[in-house]
Each structure stands twice: as structure tokens, then as C-alpha cells.
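Quick mapping for you: the protein sequence lines, in order, are chains A and B.
Take the first sequence: its letter number 24 is residue 24 in our numbering, and every next letter is one higher.
Take the second sequence: its letter number 247 is residue 247 in our numbering, and every next letter is one higher.
None of these hints come from the bench; they were simulated from the model.
Possibly wrong hints are sitting among the right ones.
To be verified - Covered, in the sense of this in silico footprint (three residues per stretch, anywhere, with C-beta under 8 Å from a C-beta of chain A), are these stretches of chain B:
1. 59-71
2. 270-282
Said to hold, decoys possible - Just some of the chain A residues that point at chain B, by a computed CB distance under 8 Å:
3. 10
4. 15
5. 18
6. 19
7. 20
8. 21
9. 22
10. 47
11. 49
12. 52
13. 53
Every residue, glycine too, gets a C-beta built ideally from N, C-alpha and C.
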Amino acid sequence: MTTCPECGADVVLPDDVETGEILDCGTCGAELEVLSTDPVELDVAPELEEDWGE
Amino acid sequence: MNVGILYSRIRRDEKLLLSELRERGHEVTKVDVRDQQFSLSDAPEGLTDCDVVVDRCLATSRSKYATRFLDHYDVPVVNSAETAALCADKAETSLALEAAGVPTPDTTVAFTTDAALDAIEGYGYPCVLKPVVGSWGRLMAKLDSRSAAEAILEHKATLGHYEHKVFYVQEFVEKPGRDIRVVAADGDPIAGMTRSSDHWLTNAAKGATAEPFEVDDEVADLVARASEAVGGGLLGVDLMETGDGYTIHEVNHTVEFKALDDAVDVDVPAKVVDWLESRVAASDGEGDDQTVEATT
């Protein structure tokens, strides 16, 4: 459990949380990037870029 | 083996891959491409120790340059810079497929709105206008009339990045409400699925419904030829049914496979790791799996 950097609400982390993973804040809906896992640090995820894809 | 994962975002695809690699005891080196600097002489720290680096960059521009630099450092990377360059740009893909004799939708590239409008009128309506770089069905335009074509061309010319002034015009293929995605490793199909939607775009990212697709000999042959045309590797080959065969409209070089993994009985990440192991074993000239304690 950690807090959303956007709204301050609690964010539940998956057991296998991974650096670089994107989580959704269940309260404000912000997309959050996991910057580190030990300790867990979150930031608001980058906005979609035009050349993203597969 | 030591597998480098070049990434900027860990999607479910990467999590599946990481999980499979670690379960098999492979060492994994995660490298966030946003933190790296690529000099002309020295590879970024950590990458030189990798037996293979898997390019999972989310941004096409980063994928193209990062793989090019890794090739330059003689660090094995999948997919190759050549494949990335051909698949990242739809015009390049079309040319590669055409040169290899692989059926692909008729396409014209023009550099001005007037020339593009002439090309559009030549195809008639509907036809399709696509960005040369883009994914997930974004900025795709089905043109149903001249007035719509004029408006979209003007918007692209006025508001777009310079790449949007490379007008990629394509015939509209009347597909049966679905297209086919086959994920293949060096031309060998891992699994296939159909993607169905009421919308003319049937990308999984657009919410299309995925169902398993049995890859027959004809599709397998086309996939193998398309793979060879772009330099091989782990690819997502997209086909449309034309009524009397297939046409290949896209080859994806940093393919997402979570939707396929959900749709089929095949363990897709396991097949991907099988392929990585065989590539590393082949490059080492030995068949033994090299398992090292996972550290990352």
C-alpha cells in the first residue's frame, strides 16, 4: 500500500509490482508509474506520445 | 542466459515475459531506455553483459535508434535495427512486402495535399489515409468523400508533425469484420487470433474481440515470407481476408501479445522464451540452456 502522488489516496500494489509498471489510482483515476519498488515510489505516468505502440 | 529488457513502460506483455524468464532461472537485466545515453563507442552499462537484449521500447523512435546503437556495439538485440526500421514506418513495410512478392494493400505515398488528393480520388471512396508512423489504430482515417479527404489533408498539413506530410494513401479492403494477428518467431507462427469489431478498425487496442485462429498452411507461408521480408525476429503479422486470399497490411516489431495469450491455449510468453533460448544457444554454438540465478 502506498499513496497516490496526484490525490493522496491509498493505492493498492500488486504482489509482483515491477519498476516501470503502470497502476491506476482507484480514487482519482490517474495513471501512475512505479519508479522504484524498494521502497515503492510512484509518480504520475507520462502522457501518451504519438509514436507509442507496437 | 542473461536477457536484457529494454523498456520504458512495463505492460502486461513485459510482465508475462519477465515472469517466464525468471521462472526458468534466467538472469534479467531491465534497462529503462529513458535513462540511457548511447555514445558512438561504448554501450550503456549492463547491456554488454547480456546474451541477448529484447527491445520492448514503447516509443518507436527510441526503438529504432536504440537497436541501431546496440547493433553498432555488437550487442545481440531482437528485433534487429533493420527490422525495427522496416516495421516502424508503414511506407518501408509496404515496400519490403511488395519487393518480396507478399500480398499487401495497394498503397501510394504523396508529399503534398494536391498530390495526395489525386491519389485518393484515384482509389475512389472509401479509401484509407494512415500516418507512416503510428500504432493502435490511432490517426487512421477512412475517407468516405472528397470533402472529408480535403478536410483531413488540410488538418494533417497544418497541424501535424512533418511526418504527417508524408501522405500514405491505401486502398480500402472490405474485410469480413475482422482481421488476423499471427505472432511469429523468425517466421514460425506461435499462435494466431482474429480480432473482430463492428468498427472498421479491428485493433485489440480499440477494443476488438479476440478469438483463436488456426494458422493454416497458406497463412503460415505468408507469415514466413513477410517475416523474411522485414528481417525476421519476433513479429506480429496482421492479415486481412480478401475473399480469395489474404493481404498483409502491417508487421509489428515490438509486438504486444497479452491479448493473444488470453485468446489461445498456447502459452505465448513461454514460446517467446523458448525462441530466445534457441537463439542464444545457436549464437553460442551450444545447445545447453544457461541458467543463472535471477538477480533483478
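Under the criterion of a CB-CB separation shorter than 8 Å, is residue 20 (chain A) in contact with chain B as hinted?
Holds. Min distance 4 Å.
For the restraint on residue 10 (chain A), tell me whether the closest CB of chain B is nearer than 8 Å.
violated, 22 Å
Against chain B, is residue 52 (chain A) within 8 Å by beta-carbon distance?
holds, 5 Å
Interface hint for residue 49 (chain A), Cβ within 8 Å of any Cβ on chain B
holds, 6 Å
Are residue 22 (chain A) and chain B close enough, Cβ to Cβ, to be under 8 Å, as the hint says?
Holds, because the Cβ-Cβ distance from residue 22 (chain A) to chain B comes to roughly 6 Å (cut-off 8 Å).
Holds or violated: the hint that residue 21 (chain A) contacts chain B, with Cβ atoms closer than 8 Å.
holds, 4 Å
Is the hint on residue 47 (chain A) kept, meaning its closest Cβ partner in chain B is under 8 Å away?
Violated, about 12 Å.
So, as I understand it, the hint says residue 53 (chain A) touches chain B; can you test that by seeing if any CB pair is closer than 8 Å?
holds, 2 Å
Restraint: residue 19 (chain A) near chain B, CB-CB cut 8 Å. Satisfied or not?
holds, 7 Å
Count the residues of the segment 270-282 of chain B with a beta-carbon closer than 8 Å to any beta-carbon of chain A: does the count reach three?
violated (count 0)
Hey, does the residue 15 (chain A) contact hint survive, CB to chain B under 8 Å?
violated, 12 Å
Given a cut of 8 Å on the nearest C-beta pair, is the interface hint for residue 18 (chain A) held or broken against chain B?
Residue 18 (chain A) check passes; min Cβ-Cβ to chain B is 5 Å, inside 8 Å.
Comparing the model with each numbered hint stated earlier shows that hints 2, 3, 4 and 10 do not hold.
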